[in-house]
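Here the protein sequences come in this chain order: V and D.
The C-terminal position of the first sequence is numbered 1179 in the numbering used here, with every residue numbered one higher than the one before it.
The C-terminal position of the second sequence is numbered 515 in the numbering used here, with every residue numbered one higher than the one before it.
Bear in mind the hints are in silico, worked out from the structure with no lab data behind them.
Keep in mind that a hint or two might mislead.
Pairs of lysine-lysine residues, derived as DSS-like cross-links and limited to a Cα-Cα distance of at most 27 angstroms, are as follows [claimed, not checked]:
hint: 1; chain 1: V; residue 1: K1148; chain 2: D; residue 2: K369
hint: 2; chain 1: V; residue 1: K1177; chain 2: V; residue 2: K1148
hint: 3; chain 1: V; residue 1: K1177; chain 2: V; residue 2: K1142
hint: 4; chain 1: D; residue 1: K417; chain 2: V; residue 2: K1142
hint: 5; chain 1: V; residue 1: K1177; chain 2: D; residue 2: K477
hint: 6; chain 1: D; residue 1: K477; chain 2: D; residue 2: K321
hint: 7; chain 1: D; residue 1: K321; chain 2: D; residue 2: K417
hint: 8; chain 1: D; residue 1: K512; chain 2: V; residue 2: K1142
hint: 9; chain 1: D; residue 1: K369; chain 2: V; residue 2: K1142
hint: 10; chain 1: D; residue 1: K321; chain 2: D; residue 2: K410
Values in this document were obtained by computation on a predicted structure and should not be read as measured data.
If you want the building blocks of each chain, they are given just below.
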Amino acid sequence: MTVPQRARRRDRDGGQGIVEFALGITVFLMLFIGLIDLARAAFLYNGLSDAAQAVARVTSVHPGDPTLGSSPETTTSVTAEGRLVPGLAVTAYDCVDISGASVTGDCKPGSWVKVSVRTSFTPVLPLLSPFGPITFTMSSSAKIQ
Amino acid sequence: MPDRPHRRAESGQILVVFALSLMIIIGMVGLAMDGGATLAQRRDQQTAADLAALAGANDYLLTNNAAESIDRARSVSAANNFTHGTGGTNVGVTIDTSNGVEVTVAVASGHKNSFLGALGMATWPVTTQATALAGFPDNASGAGPFIFSIGAFENDGTPKYQTLTSFGEGNSAIPTSELDFAWTNYGTGNVNTTDVDNIIKGDLVIDKTVTYGEYIGQDNSGNHNFLYDDVNTYAPNQDFPVAVVDANGNFMGWATFHVVGATGGSTKTIQGYFLASYTSSRLTVSSCSSGACPRYLGSYVLKLTN
């Protein structure tokens, strides 16, 4: 093999390597970022569930007067849970009976408070951006003390 | 072999990239797995604290013994998988008897991380707290306009009449026998039957402070036929807090009476029965210290307050 032939092959090998690297790194990054997104989504979903239960419990002990969910303890709980769940928003404090039917009037002991929460999840992976932001919703009920 | 050092350098780069990627992957998987498990532990731990506080307060109400109450709270916490002094778990129990009895249980434990341990975070602390209040009620809302006799209760406060029984009106200021009752509008002097009428209909709310041992009898003479009709119309199958007095008409505490019906005319009886081991949102403990509260008369308060 002459020297010019060897140099040309090395040039071809280099180009092939770049293409292989580009393909490989794309797949790798997609999997990598996808895994990160999956983990973030799982954590956010778990956290939202936890937040709904925590806020419902506090509101069941401190319902608030005259409006359900207006107690300072509930406000403090929502703020604390918001540090774990970015974008946490309480959408409703409903007074319900044990079957889940709405209760009108004052929410007295023996009834249940149903707390509905939501947050939104924005994927980092560009491929998923058409689907985002994704809204997670959750609710939890606790008996008024 | 001129290209060997170059390949060795690339191998080193891959190793660094792999190591960094692995750490990030472990971190993110750990966030999802360990973070989720920690949140689940916090929920379980809060449930354990809630139940332990309720059990401790209930135990103190029954025994008036702080050591037994603390043991009960810790045993209930252990039954819910948080055992005091085991695996780094601490179950602190404090008792306050200045307002009924308030038992506070603080459970502190660590969540053992699976993935994040590799990144130096072996455990995450998890703390939860609950306070439960127990006591015999010194406040009633929506009380019925009836006074019953302490004779209708055993010495330990258990109601004697827990099945359908007729209680008669003796026209006296206070019940004169254990099967007697007297009307009241929670005032003084003569009973105001218009007020009683409106109390039964739910049209009148009387705000009255009655202290333990205070005389609450009112003169009851007169025709109360329309009040029996009211009871039959508005009160059947309802549970009312009712005042209970001793033989001298002094307030002893609140009981809960389930009204079935009433008969006027010459019969003049209210039919119903007392409830035992009963906790109601209409009966509360607000200001009496343990031991100075009205006595147990079938009703009690037990609830979470924090």
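Hint-by-hint comparison with the structure:
Between K1148 (chain V) and K369 (chain D) the CA atoms are separated by roughly 40 angstroms; this puts the pair beyond 27 angstroms, and the hint is violated. The straight-line distance between the Cα atoms of K1177 (chain V) and K1148 (chain V) is roughly 9 angstroms, inside the 27 angstroms bound, and the hint therefore holds. Proposed proximity of K1177 (chain V) and K1142 (chain V) is supported: the alpha carbons are some 10 angstroms apart, at most 27 angstroms. For a cut-off of 27 angstroms, the pair hint linking K417 (chain D) to K1142 (chain V) stands: about 21 angstroms separates their Cα positions.
For the suggested pair K1177 (chain V) and K477 (chain D), the alpha carbons sit about 40 angstroms apart, so the restraint of at most 27 angstroms is broken. For the hint linking K477 (chain D) to K321 (chain D), the alpha-carbon distance of about 69 angstroms lies beyond 27 angstroms, and the restraint is violated. Restraint check for K321 (chain D) and K417 (chain D): the C-alpha separation of about 55 angstroms exceeds 27 angstroms, so the hint is violated. Proximity of K512 (chain D) to K1142 (chain V) is assessed by CA-CA distance (about 13 angstroms); at most 27 angstroms being required, the pair is judged to hold.
Distance check on the hinted pair: K369 (chain D) and K1142 (chain V) sit about 30 angstroms apart at the alpha-carbon level, beyond 27 angstroms; violated. Restraint check: the Cα-Cα separation between K321 (chain D) and K410 (chain D) comes to about 60 angstroms, which exceeds 27 angstroms; the hinted pair is violated.
Hint compliance for this structure: hints 1, 5, 6, 7, 9, 10 are not met, and every other hint is.
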